[in-house]
Amino acid sequence: MWTAILVFTLLALVLGLLLGFAGQAFKVEGDPLADKIDALLPQTQCGQCGYPGCRPYAEAIARGEADINQCPPGGEATIKALADLLGVEPKPLSAEHGVEKPKTVAWIDEQVCIGCTLCIQACPVDAIVGAPKLMHTVIVDECTGCELCVAPCPVDCIYMLPLQAQLEQWRWPSPEERVEIAEAPVPHVSEGRTQALPERGDVA
Amino acid sequence: MTEFLLIFVSTVLVNNFVLVKFLGLCPLMGVSRKLETAMGMGLATTFVLTLSSVLSHLAQNYLLEPFGLEYLRTIAFIVLIAAVVNFTEMALKKASPVLHNVLGIYLPLITTNCAVLGVALLNVQEEHNLAQAAVYGFGAAVGFSLVLVLFAAMRERLAAADVPKPFQGTPIGLVTAGLMALAFMGFAGLVKV
Numbered sequence: 402m403w404t405a406i407l408v409f410t411l412l413a414l415v416l417g418l419l420l421g422f423a424g425q426a427f428k429v430e431g432d433p434l435a436d437k438i439d440a441l442l443p444q445t446q447c448g449q450c451g452y453p454g455c456r457p458y459a460e461a462i463a464r465g466e467a468d469i470n471q472c473p474p475g476g477e478a479t480i481k482a483l484a485d486l487l488g489v490e491p492k493p494l495s496a497e498h499g500v501e502k503p504k505t506v507a508w509i510d511e512q513v514c515i516g517c518t519l520c521i522q523a524c525p526v527d528a529i530v531g532a533p534k535l536m537h538t539v540i541v542d543e544c545t546g547c548e549l550c551v552a553p554c555p556v557d558c559i560y561m562l563p564l565q566a567q568l569e570q571w572r573w574p575s576p577e578e579r580v581e582i583a584e585a586p587v588p589h590v591s592e593g594r595t596q597a598l599p600e601r602g603d604v605a
Numbered sequence: 013m014t015e016f017l018l019i020f021v022s023t024v025l026v027n028n029f030v031l032v033k034f035l036g037l038c039p040l041m042g043v044s045r046k047l048e049t050a051m052g053m054g055l056a057t058t059f060v061l062t063l064s065s066v067l068s069h070l071a072q073n074y075l076l077e078p079f080g081l082e083y084l085r086t087i088a089f090i091v092l093i094a095a096v097v098n099f100t101e102m103a104l105k106k107a108s109p110v111l112h113n114v115l116g117i118y119l120p121l122i123t124t125n126c127a128v129l130g131v132a133l134l135n136v137q138e139e140h141n142l143a144q145a146a147v148y149g150f151g152a153a154v155g156f157s158l159v160l161v162l163f164a165a166m167r168e169r170l171a172a173a174d175v176p177k178p179f180q181g182t183p184i185g186l187v188t189a190g191l192m193a194l195a196f197m198g199f200a201g202l203v204k205v
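Residue numbers (this note's numbering), protein chains in the order written: chain U, 402 to 605; chain Y, 13 to 205.
Isolated chain U (complex conformation) (with noise of 0.2 Å):
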């Protein structure tokens, strides 16, 4: 049994070497402008640009088809590090693909989830975990926020809850945020999750 493993080992050991240097050898250079702009997209996977995702975005910006306005998650701050990395102006938001909205993360109310399935389907990140007639529950860590989950739902029952502030990622509020704080209250998603939930008494 000792020689199966050992000989095993080393086959394994052996093509992994020669397959490393292959890939170095032939390393194929992507476009370094679109992984930088790439880098500076969002990732939500929204396709709010009219892309399919942030990476076929990021090539159209490179190869000068698609505006840097095309982003509604990413916002102002988006727009502006991609005027910086372009050397171009930054203009505002294009109103056709979105407005800019506070984070949020996509919640499903787990009472009246039927298990469907079909908002798997349309996450483009795999962050809804659930299987055919169970429940199923939203990875918030994974979640970027991009709404595609809540038109495929026949029963409506994902919400898009504001992310509430933990502390890795707490900052300041900018003067302007504060007045929406103090005047709405913000629900909250994770831990207290039945405390977001909309009165639906009849439904439970």
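Nothing false has been slipped in among the hints.
Covered by chain U, according to a simulated footprint, are these stretches of chain Y (three or more residues, beta-carbon under 8 Å):
id, stretch
1, 75 to 81
2, 91 to 99
3, 105 to 113
To be clear, the hints were calculated from the coordinates, so they are not data collected in a lab. None of these values were measured; they are calculated from a predicted model. We put the CB at the ideal spot given by N, CA and C, even for glycine.
Once you have looked at the hints, place chain Y on chain U.
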């Protein structure tokens, strides 16, 4: 020399892997929609098949037999084939990105092309030596490519043909493949191995 020629002709025509041994039917149905892709797939498979045939022969004789590990033959061959396919994909991506895009998922799927593993195992079964194994692998690949290209050409014509509704798409493709297999049976008496 005659011996190699015999092996070559017999694998390409008489014992064709696709139409007589029925190995590697997945790419036959999958990549035969267009003639160019079929040619590209044929070339990639030829490379993989010849190389993996030689490598698996070496592994069998210098790695598995000396240590008495013949019972692990299948796993060892699959590991080798996977590595060769990976290598081919990297090389192809560098050499011809267009072809790499066109072949798409079928390129990594050469790994699971049973013709590749079939050639490696049949080499052992028929106790070929190194040169014979190389010719056998190359012949199998040429036979595979020949059938793939012929079949793709036929399917391109079928696409424009007036096929009855229940037969459209894959069914008429399978019927065509069956007729081709019948035609290849005509080669049966050509070589006596």
